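Protein chains: 2
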Amino acid sequence: MLEKYINAATRRVKSDLVLKNATFVDVFSGCLKKGDIAVVGDRIVGTGEYEGEKEIDCKNLTVVPGYIDGHVHIESSQLSPEEFASLIVPRGTTAIIADPHEITNVCGMAGCEYIANASKNVPLDVLIQLPSCVPATPFETSGAVLAGKDIEENITNEYIFGLGEFMNYPGIIYCDPDTLKKVEAAHAAGKIIDGHAPAVYGYELNGYLSAGISTDHECVTKEEIEEKISKGVYVHIRHGSSTQNLGNAKYITDANMRRFLLCTDDRHAADLKEKGHLDDALRKLVAEGLDPVRAVICATLNAAECYNLHFRGAIAPHYLADLVVVDNLKNFNAKYVIKSGKLVAENGKPLFDTSKRYLPGNVLNTVYLKHMKAEDFILTLKGKRARAITIEPGGVVTGCETVEVESKNGDVVLKGTDILKLAVVERHKMTGNIGKGLFKGYGFKGGALGITIAHDSHNIILMGDDNASMAKAANRLKEIGGGMVIVDSASGEVHSLTLDIGGLMSSRDAESLQSDSRALIERAHSMGVKREYEAFMSLAFLSLAVIPKLKLTDAGLFDVEKFAFTDINA
Amino acid sequence: MLEKYINAATRRVKSDLVLKNATFVDVFSGCLKKGDIAVVGDRIVGTGEYEGEKEIDCKNLTVVPGYIDGHVHIESSQLSPEEFASLIVPRGTTAIIADPHEITNVCGMAGCEYIANASKNVPLDVLIQLPSCVPATPFETSGAVLAGKDIEENITNEYIFGLGEFMNYPGIIYCDPDTLKKVEAAHAAGKIIDGHAPAVYGYELNGYLSAGISTDHECVTKEEIEEKISKGVYVHIRHGSSTQNLGNAKYITDANMRRFLLCTDDRHAADLKEKGHLDDALRKLVAEGLDPVRAVICATLNAAECYNLHFRGAIAPHYLADLVVVDNLKNFNAKYVIKSGKLVAENGKPLFDTSKRYLPGNVLNTVYLKHMKAEDFILTLKGKRARAITIEPGGVVTGCETVEVESKNGDVVLKGTDILKLAVVERHKMTGNIGKGLFKGYGFKGGALGITIAHDSHNIILMGDDNASMAKAANRLKEIGGGMVIVDSASGEVHSLTLDIGGLMSSRDAESLQSDSRALIERAHSMGVKREYEAFMSLAFLSLAVIPKLKLTDAGLFDVEKFAFTDINA
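If you read the sequences in order, they're chains P and G. Per our numbering, residue 1 is the first one in the first sequence, and the count goes up by one each step. Per our numbering, residue 1 is the first one in the second sequence, and the count goes up by one each step.
Excised from the complex, chain P in its bound form:
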């Protein structure tokens, strides 16, 4: 192949593909250049004047290297990797550092393998980070546990690129032996370790970084960014659906420029479809005043350097021919996307087969549950005063409110209040665990809502004002193998949406899934869920026992500030 590259580079033979008359970003010199870009096989062989077997005229268009998403959980799109690719590749993303933390919490290593194998069907490089913190906390029952020895065993797998975001920063800082075993295993395998250390500063940060952590996507303040950059951390500029820190770009200077990269972390299908992926981040960054060439460098060369992706992220000889032809560096509308030398998307549409699905049995039917009965949801209080969870719109932070509740026949009476029952039903190991709580202010009435996405262990979260409806909702989720459900106690009707892959993602296409999903969400709002909430997805964080204040897991009510289980009786 080398001979073919060189013969084409020196113009002794035609190149396979030439982008003619292009303006392109020279990420090394930080400027725009003009010329043809010649491609042979999966490589760029040169810039200048070239002839190609195939030629694409790029007059009045600008060519940039393919974007690299430095940190993403595909699962947050609720789409299969294939369908996810069909949305982001036409936007210009050609490589992602994917941390299959969610599916691995449900399916263990089978989840990682699934993401890796499914990604082989599509023209997107999916570099798999082995999830480092499964489960995320010891306060709930997950589908899998990756202990130190499991990380040791799996980090050397060929399909594993590195070690995923190390959320358990206290485990590192306080030298938990099993935690350190994971870090040591990654170093021994020569693999990069992604970080996650929100608001960790000073000596604690020194401790965390002394473990050899390379990145952080949780920075938001000037102080935090500057300290982390100074201590060798690559800082992600995040453009997720809920969590965004595009403002980080304000802290880019001439001197620290190379240490910033882009990521999306968690981005919903609707945003991917309607707004875009990293192209949308670039658009917004430039609109907010970041130099467009710099923005491109963050999305390409910087990410390649951070993740040791040699000969990627630039338009130069021997570099991987991942190229995006955009209208301009303001709108970043991708007209053509070339992945490894092949034209794979045009005018926002994928040119690759998006219908193939890799669907192994071990990520399907993941809801293990005994048949639930109304009685399972009886909530007996000692008195009238109880701790209820409240939720802030738009975020994942919850509050704790002491409420007065009546009881009858050993069960709370919710009628006439704005309080609902909340239940987290273990669904992985048939432990029969049910965590029960109260939930105030969501607005829903007349039945139950349920979902098998419940961060990070993904048990079933149910909410409702009727025990029988809650049981029915759980049983339907079991029946469909995971997803979302609404039970209307008045009509007895059950409406659901299947998320067949681990109860987290659908094997369907994005369009039909979203259409059904919107209908279900609308139904939830019609049953009273306030518009400021995301109906189902706002529930999904009620079990995340690392974010304040009061959370509910299958093991019970958890006070995050005290970092301990707490009693519902106030």
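Incorrect hints may appear among the rest.
The list cannot tell twin chains apart, which means a pair is met if one copy fits it or any two copies do.
[To be verified] Keeping only pairs whose Cα atoms sit at most 30 Å apart, straight-line, the calculated DSSO-like set for lysine-lysine is: (1) 191 to 120; (2) 342 to 250; (3) 349 to 408; (4) 181 to 342; (5) 181 to 191.
Honestly, the hints are just simulated from the structure, not real lab data. Source: prediction; values computed, not measured.
Let chain P serve as the given structure and place chain G on it in line with the hints.
Quick look at chain G alone, frame taken from chain P:
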């Protein structure tokens, strides 16, 4: 160890070593910071306020990361790796990318292994590049040939870091199969390939770089630097003894800053001892106007990035504790040097044992030669007109001059002319090859001079006006196992200096070697060698058949411009 790092980083225990009250360069933010630098084992664990088992007060001093020489031939110092380290480590260099091209031309892979093993004795990381072009040209007889299959076989050796400067750029550009085999082997092994492509531009450069070449240390012009940077090449700023391009720093911009690094390539012991190593480059770069923090970044982080030396080249947690404490960023006088957490030099003096020498038999006694006789040096011309080599002072470029010479008894008569005989005697394989030529304008009279350093195959170069003296010189070089020799035909005296390691380097200490070397050079001048020449070392390039114009190898007179052997008869 991780636990110890973290416990010290978080100040639960004392660090092993703390540099107190330091001002230090933050290479990530491009500025100076203040604080203590804490070290545990071979790692930096944090900056801030720390206590150490050992503390070094750095008040009024500045701490920078250890310097990394991006490309160097240790052999050019004529010193063993141990002695070389004793000169450069106290100057602040803690890692070098070493290409043992010279010794490998003499000894083959045994030369590479020797450099690798000898370097284990000293606190300097010597990363060995497998020489890619042995011999450098097919026009002479070298001690070894590393063909494609040899590179394939050896590139995967654990002690081999990458593939050395690919001087044979025509071989790549014109797709010589065995040349490409070498490149492919390096890529298959995932190893970096250093470049060497002086004045290669445009499509030829695209061809060369399409092979996946990462660096170039031969750039000198603005155009060349800008084009190479733009095409993804890391550009070295070279501070050798003869070849220097510190001026390259003028082309550093905010945008391309990360793509420049420092190297010395070829630097003599006297310069190392008297002027310094990369510290001298830094001093000069800053004197010439380069921002001192930028200069440090080129010498540290940039080199680490170029060569994928993770967690090196910065003062940050988990980074290798290679640190230089200098007086200031103007003079760069190293007060303390810390290598992998250990204090290894103080006030310019090594604190490590410099007397150990690894000296395997296979790099000693490398002069293989039948006993030479005066008749061997008879030079018979067809007529009176002959092509003679002339030499420009200070450089390695030679000229070609047609001279008139008398002959008598089938041998040229040199008496009364400023012409000398030149001979290149094959010394590796006892082929009996002798290339003969004429050499004009050097000034020497009354005997012969000889040396076993003759780029790049390192045969014996002899020069003189007396056949018997030339034979005597060759025989002495054989007897001492290589080095330099002067024969005085009047007195019959023979003076020599032994370079026992491959006939290129001495196992002695730098000081005594230099003293003897100076005496021998002085003797050469006293016998007429003009002061503008380097007496012996100027001879060493007369066989380098890639640099214009007329050269002499053991296979005959070579016209570099025609790239073919030529006849001495004009």
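Hint check:
1. In the homo-oligomer, the alpha carbons of residue 191 and residue 120 lie at most 30 Å apart both inside one protomer (21 Å) and across protomers (26 Å), since each shortest distance falls under that limit.
2. Proximity of residue 342 to residue 250 under the C-alpha cut-off of 30 Å is found in neither arrangement, the shortest distances being 35 Å within a copy and 39 Å between copies.
3. In this assembly of identical chains, residue 349 and residue 408 lie within 30 Å of each other by CA distance neither inside one copy nor across copies; the values are 58 Å within and 87 Å between.
4. Taking the shortest alpha-carbon separations for residue 181 and residue 342, only the inter-copy value of 27 Å comes in at or below 30 Å, while the best intra-copy value is 42 Å.
5. Within a single copy, residue 181 and residue 191 get their C-alpha atoms as close as 14 Å, and across copies as close as 29 Å, so both meet the 30 Å cut-off.
Comparing the model with each numbered hint stated earlier shows that hints 2, 3 do not hold.
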